[in-house]
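Residue-level listing of the chains:
Number of protein chains: 2
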Amino acid sequence: MEKNNILQIFSKNMKRLRQNARITQEELSFRSGLHKNYISDAERGKRNISLKAIEKLARGLEINLTEFFMENN
Amino acid sequence: MEKNNILQIFSKNMKRLRQNARITQEELSFRSGLHKNYISDAERGKRNISLKAIEKLARGLEINLTEFFMENN
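Heads up: the protein sequence lines correspond to chains Y and H, in order. Numbering-wise (numbering that gives the first Met the number 0), the first sequence opens with residue 0 and increments by one. Numbering-wise (numbering that gives the first Met the number 0), the second sequence opens with residue 0 and increments by one.
One copy or two, it doesn't matter: identical chains are merged, so the pair holds either way.
Computed list of lysine-lysine pairs in BS3-like fashion (alpha-carbon distance at most 30 Å, straight line):
#1 55 - 11
#2 55 - 45
#3 35 - 14
#4 14 - 45
#5 55 - 14
#6 51 - 11
#7 55 - 35
#8 35 - 45
#9 51 - 35
#10 51 - 14
#11 11 - 45
Hints listed in this document are in silico derivations from the structure and should not be mistaken for laboratory results. A quick note: this is a predicted structure, and the numbers were derived from the prediction, not measured.
Next up, chain Y with everything else stripped away, as it sits in the complex (with noise of 0.2 Å):
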C-alpha cells in the first residue's frame, strides 16, 4: 500500500500544531509572515511549499522542524 504522501503528513501535522498552540491561521500568518491564503493552503495539502516557508512556520508555531514530519499521529 502507498504510503501517505508528504503533502497529506505536512499539512495535517501543520494542522494539529496550530490548533495545540491555541491560535488562528490569521495569528499564525502574522507570526510567520506569509499570507493568511498559503497557511491556509498549506493546511489542506494544497501548496507544494519550500524549506524557507517550512521554516518560517516552525518558528511561528516555535516547534522543531522534525515535527511537521512525524508520520504517526
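Given chain Y's structure and the hints, the job is docking chain H onto it.
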C-alpha cells in the same frame, strides 16, 4: 544566538544520509528522479527545495522524512 537555518540543517543531513547509504550523488539522482546537479546543489544548501522533492529524496535514500530535519548531528 541564531539557530542553524533550515537549508544548513537539511543539506548537512542529506549528505550524511547519502554517505551512510554508501551511494553516490549520481545513484541518488537515478533513484529519486532528480537531476544530478540538483542533488549536488541541495547538498551544498544552495536549493530551497520543496516538499515533493524532499519526498523523492527520502524514498531514494529509504529513510523517514524526519531524518532530514534532525538538528543535533
